[in-house]
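*Asks:* Sequence:
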Amino acid sequence: MKHLIYAFAITCLFVTSLYSQEKEQVGSAYFQAVDEYKVKNYNKSIELVKSLLTDGKSSYEFYALLAFNYDKLNDFENSYKNILEARKRKPDDEDLLQGSLAILTRHKKWKPAIELAEKTIPLYPQNPEVRYFYALALSERGASKTALSQIEKAKAGSPSDFRMLELEGKIYYNLKNYDKADVSLRWASSLNPNSPEIWNNLALVQESLYKTNKKLGKKSQANTYLTEAKECIQKASDLNGESNTIKENSKRIVALSDL
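Numbering (the working numbering), first residue to last: 36 to 294.
Hints are computed from structural coordinates only; laboratory data are not their basis. Mixed in with the good hints, there may be bad ones.
[Unchecked claim] Derived lysine to aspartate or glutamate pairs resembling EDC-like cross-links, with alpha carbons at most 16 Å apart:
| id | residue 1 | residue 2 |
| --- | --- | --- |
| 1 | Lys-143 | Glu-112 |
| 2 | Lys-282 | Glu-266 |
| 3 | Lys-253 | Asp-293 |
| 4 | Lys-146 | Glu-120 |
| 5 | Lys-146 | Glu-175 |
| 6 | Lys-107 | Asp-70 |
| 7 | Lys-85 | Glu-120 |
| 8 | Lys-270 | Glu-283 |
| 9 | Lys-246 | Asp-217 |
| 10 | Lys-254 | Asp-293 |
| 11 | Lys-144 | Glu-187 |
| 12 | Lys-107 | Glu-71 |
| 13 | Lys-250 | Asp-293 |
| 14 | Lys-246 | Glu-263 |
| 15 | Lys-215 | Glu-187 |
| 16 | Lys-154 | Asp-127 |
| 17 | Lys-85 | Glu-71 |
| 18 | Lys-265 | Glu-187 |
| 19 | Lys-282 | Glu-232 |
A quick note: this is a predicted structure, and the numbers were derived from the prediction, not measured.
Make the full structure from the sequences, and use the hints.
*Replies:* Rendered as structure tokens:
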């Protein structure tokens, strides 16, 4: 994703109705709010932005920064309300539309995310982030094949983004196309070896490949996949041993025996 926060750092250029000294004060307060956001002091950042709005200062960057702060606090209602306020002031802005999709998908608002993505893609067809969010929402709504076509287009614009490959692997897994899921998730793990979720998902894929080859009587291949499944779930456990999902998967996979 583009670093939206940097796009908003030029806020004082947009506050054209203020005198020079006031512009400096607005810029100082805004940049302080940005700094508070960066160090995860979200409530403080919100307080600073609201003080600017209370003083009658207004710019799309203010509302966007509020939206991202509220998003970090898991407050969807205020987050989306403020991103909409930002978009009122700068309609069809690529960063704001992209940010809106990020907020919608993070809070699992799949239907409005699909609707917004379908309006945004014709405006910015080369934006891989928009297609990624579209594919994510589609996959969650069961439109796996359409989601895969969008992921292919997203990958073309961002081939080294592990999220694209991770989502692709999960979709293939749900479609029971384990060989393709294996390829996608192996690639994702090479790009982001510190993700417990990727290792966990890769372990599930290899567990399924073990069972498939076992049914076909391919003992050697089955045992190879089982060994890899155990290695992957161990990596996931090492990275996030507190995850109940990983604990459950680890218990089941470790209990499986070679043929």
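*Asks:* Decide, hint by hint, whether the structure agrees.
*Replies:* Evaluated hints:
With a C-alpha separation of about 13 Å, the suggested pairing of Lys-143 with Glu-112 holds against the 16 Å cut-off. With a CA separation close to 14 Å, the supplied pair Lys-282 and Glu-266 stays within the 16 Å bound. For a cut-off of 16 Å, the pair hint linking Lys-253 to Asp-293 stands: about 12 Å separates their Cα positions. With a C-alpha separation of about 21 Å, the suggested pairing of Lys-146 with Glu-120 is violated against the 16 Å cut-off.
Among the hinted pairs, Lys-146 with Glu-175 is consistent with the structure: their alpha-carbon atoms are about 10 Å apart, no more than 16 Å. Annotation: proposed proximity of Lys-107 to Asp-70 holds, straight-line Cα distance about 15 Å (limit 16 Å). At roughly 14 Å between alpha-carbon atoms, Lys-85 and Glu-120 fall within 16 Å of each other, so this suggested pair holds. Note on Lys-270 and Glu-283: the hinted pairing holds, with a Cα-Cα distance of about 14 Å set against a maximum of 16 Å.
Distance restraint check for Lys-246 and Asp-217: the Cα-Cα separation of roughly 14 Å lies within the 16 Å cut-off, and the hinted pair is therefore satisfied. Restraint check for Lys-254 and Asp-293: satisfied, since their Cα atoms lie roughly 8 Å apart, inside the 16 Å limit. The straight-line distance between the Cα atoms of Lys-144 and Glu-187 is roughly 23 Å, outside the 16 Å bound, and the hint therefore fails. Of the pairs offered as hints, the one joining Lys-107 and Glu-71 holds, with about 12 Å between alpha carbons and a cut-off of 16 Å not exceeded.
Distance check on the hinted pair: Lys-250 and Asp-293 sit about 13 Å apart at the alpha-carbon level, within 16 Å; holds. The suggested pairing of Lys-246 with Glu-263 holds, with an alpha-carbon distance near 13 Å, which does not exceed 16 Å. Of the supplied pair hints, the one linking Lys-215 and Glu-187 holds, its CA atoms being roughly 13 Å apart against a limit of 16 Å. Restraint check for Lys-154 and Asp-127: the C-alpha separation of about 10 Å stays at or below 16 Å, so the hint holds.
As the CA atoms of Lys-85 and Glu-71 are separated by approximately 14 Å, the hinted pair is consistent with the 16 Å bound. With a CA separation close to 30 Å, the supplied pair Lys-265 and Glu-187 exceeds the 16 Å bound. Taken as a hint, the Lys-282 and Glu-232 pair is honoured in the structure, with Cα atoms around 12 Å apart against an allowance of 16 Å.
Hint compliance for this structure: hints 4, 11, 18 are not met, and every other hint is.
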